[in-house]
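Undergrad: Start from chain A and add chain B according to the hints.
So the sequences go chain by chain: A and B. The opening position of the first sequence corresponds to residue 1 in this note's numbering, with each subsequent residue numbered one higher. The opening position of the second sequence corresponds to residue 1 in this note's numbering, with each subsequent residue numbered one higher.
Simulated from the structure, these hints should not be mistaken for laboratory data. Please note: incorrect hints may appear among the correct ones.
Stated by the list, open to error - Derived lysine-lysine pairs resembling DSSO-like cross-links, with alpha carbons at most 27 Å apart:
#, chain 1, residue 1, chain 2, residue 2
1, A, Lys337, B, Lys92
2, B, Lys400, A, Lys367
3, A, Lys337, B, Lys119
4, B, Lys119, A, Lys285
5, A, Lys119, B, Lys337
6, A, Lys400, B, Lys400
7, A, Lys119, A, Lys29
8, A, Lys57, B, Lys337
9, A, Lys367, B, Lys24
10, A, Lys400, B, Lys367
11, B, Lys400, A, Lys269
12, A, Lys367, B, Lys119
Unchecked claim - Partner residues aside, some chain A positions facing chain B, computed with beta carbon under 10 Å:
#, residue
13, Ala79
14, Asn332
15, Pro335
Because the structure is a prediction, the values reported are computed rather than measured. Don't be surprised by glycine CBs; every beta carbon is placed ideally from N, CA and C.
So the chains spell out like this:
Protein chains: 2
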Amino acid sequence: MKQITGGVTAAKGFMAASTAAGIKYRDRKDMAMIYSEVPCVAAGTFTTNIVKAAPVKWDQNVVYNQGEAQAVVVNAGIANACTGEEGMGYCKETAEKVAELLNVSAEEVLVASTGVIGKQLPMDRICAGIDMMVPILDGSLESGHNAALAIMTTDTHEKEIAVEFELDGKTVTIGGMCKGSGMIHPNMCTMLSFVTTDVAISKELLQEALSADVQDTYNMVSVDGDTSTNDTCLLLANGLAGNTKITEKNADYEVFVKALNFVNEYLAKQMAGDGEGATALFEVKIIGAETKEQAKVLSKSVITSSLTKAAIYGHDANWGRILCAMGYSGANFDPEKVDLFFESAAGKLQIIENGVAVDYSEEEATKILSEEYVTAIADIKMGEATATAWGCDLTYDYVKINADYRS
Amino acid sequence: MKQITGGVTAAKGFMAASTAAGIKYRDRKDMAMIYSEVPCVAAGTFTTNIVKAAPVKWDQNVVYNQGEAQAVVVNAGIANACTGEEGMGYCKETAEKVAELLNVSAEEVLVASTGVIGKQLPMDRICAGIDMMVPILDGSLESGHNAALAIMTTDTHEKEIAVEFELDGKTVTIGGMCKGSGMIHPNMCTMLSFVTTDVAISKELLQEALSADVQDTYNMVSVDGDTSTNDTCLLLANGLAGNTKITEKNADYEVFVKALNFVNEYLAKQMAGDGEGATALFEVKIIGAETKEQAKVLSKSVITSSLTKAAIYGHDANWGRILCAMGYSGANFDPEKVDLFFESAAGKLQIIENGVAVDYSEEEATKILSEEYVTAIADIKMGEATATAWGCDLTYDYVKINADYRS
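Chain A with its partners taken away, still in its complex shape (with noise of 0.2 Å):
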């Protein structure tokens, strides 16, 4: 497998299209199309949130009742959550105004949304971004990364990547583009994320490779605690790179499987580190645990510590918060058996050993701590399993970002 470059369009077939709609921004785009020649299967996953946005509701439908799609609409500046009945409509609007035009099925257009909560969606001017995209829909990887840049909110740079990997001697392309940087704690999934991909495989085998992965990557990532209400991951396979379709759980399906994971911890990864107002990608791992579950409790309580992420701000080897989080996190281990390091480009450094201090450079540690991208790691010794998870740290711009986010 190797990464190339690419996002959304890379995989055969796929094609993408974006535009300046006018939906809440000025002088950028804001709406984005993905489109592939032929039908793919669709897998997803979506918020847990209860309260969930009115796209999530209508692909929920299109994902599990339906499980063919062959484009994607999404707009970014209004969420259409907490939109009621009004908010339902439009989805239907929408996706019957592009399956119109594609001449598709209105139930494989699927349509996502994301930014503020509350407000119904400018239909005039989604329908107009509509008619806009459908003609300069293109395979180039310029439409792709175009369209990664459409979908940002307060996200700071576009996130997209595509990899590829041989399968019975057929090339095989994995793409993906997301968005994210605030609400991001995903339950299900990022707030919006999009993967491409040409490989052949059954729906059953796409769904359930998704939901697995998901708990690795995109589950553990956290900006500010804030489960979306639009938190959307959608997969589409539209078969055209040959393979020998994938129907059971073989060689050819872990190596999908490994690729997707790729793919998938590269966007989530690229999504913390982007957390709003973030100065840092912020990795937790802890090792020797007894079960992978406890150690993924233990690693999302301290990348969702405020007084820790505080700390990495502050590039301040606070390690008593660290252990303080895994503490409260509800996962069981011994506090005084507990090794903890932190690592960078700039080195790795023992802080605690069983529980208390060891004779560190506070300096030295400064150090490792100023890189954008720091790791904690938490040996509590009880065994073999381990987890990561990504945050970032908590900065004055964080809190000015959402003071007053919806003016």
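TA: Quick look at chain B alone, frame taken from chain A:
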């Protein structure tokens, strides 16, 4: 029942002292002592964090296994948490020193610490502080007030209260003080709270009254979601009011419980309003719930939402974040039935009805949200149960205070 001036020395037979022991802070008092002329029955609730500070373990033994106490000694600046065997030894040494000077048993001396995790206590200064405090113990309101000042860390003001009420013709007094500003998400109790009373009551009922009441008071407060290693609430009753001893859940018990609730709720709200960097006390009431537990889960989810807290700082009526935080709380409700109101000294305003925004004035909403004490009321229309939680806004200053707390 009426509120009176005073704190931990308001009840008969209680004295206090405080001193500048130079443990971490300079030019301010950082140690305090409470002493009762006669032995007290003692009740306590403690952090549920499995990383428990040494003084928490010491006090749990005193409260659960001994049951009587006559003195409390507290230091601010160093938490004596994650300090291993050495830290436990210092608790014992502290208690023995106090016991010797006051001629009580070391098992009747409660100890409490708050501050930086992972540093050992400077025992020479602790012992010198005890030597200074014992001779100046006195029952004046001033000495209680100074004790409340001495236990502060990042608190911006002292927190104390006293009330009195009648039980069979005798005046009974309850007084208390607490500290807490960051790492506040009590899960048994607040950071440090000390309540003294001269009521005559059995140990069993004293503990039962406290354990029940913290569920509605301290445990409904959150500043940052971080449950401390040191959370401790101690309640001492010395019986000097001369009331008929309460040994069953009679009318006297109910009167006492109501007064205790008033004291604890006051102290809990003071902590929330003085949350690190806070500019506002943020109260969330859930009404119309099926069960109290459901209402508690919903209200706590809203007051701990970083996005909601940032919006309160910005005086922004971003109701979508409140509904979103209710949605991911884990409690069940129908988002499309929710009514939401904002209320403060500046008025009361309905924002959403049946899950959708009403045509409210953003200007009026901002005016209401610009007060120092703002309330969000959500009616979920399922039943009669209610719950209230207290938090604060998320500000630049929270980040500033915590980015480099240790230096």
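Undergrad: All the hints need checking, so say for each whether the structure fits it.
TA: Evaluated hints:
| no. | hint | in the structure |
| --- | --- | --- |
| 1 | Lys337(A) to Lys92(B) | holds (23 Å) |
| 2 | Lys400(B) to Lys367(A) | holds (20 Å) |
| 3 | Lys337(A) to Lys119(B) | holds (17 Å) |
| 4 | Lys119(B) to Lys285(A) | holds (25 Å) |
| 5 | Lys119(A) to Lys337(B) | holds (18 Å) |
| 6 | Lys400(A) to Lys400(B) | holds (13 Å) |
| 7 | Lys119(A) to Lys29(A) | holds (19 Å) |
| 8 | Lys57(A) to Lys337(B) | holds (18 Å) |
| 9 | Lys367(A) to Lys24(B) | holds (25 Å) |
| 10 | Lys400(A) to Lys367(B) | holds (20 Å) |
| 11 | Lys400(B) to Lys269(A) | holds (26 Å) |
| 12 | Lys367(A) to Lys119(B) | holds (21 Å) |
| 13 | Ala79 | holds (8 Å) |
| 14 | Asn332 | holds (7 Å) |
| 15 | Pro335 | holds (5 Å) |
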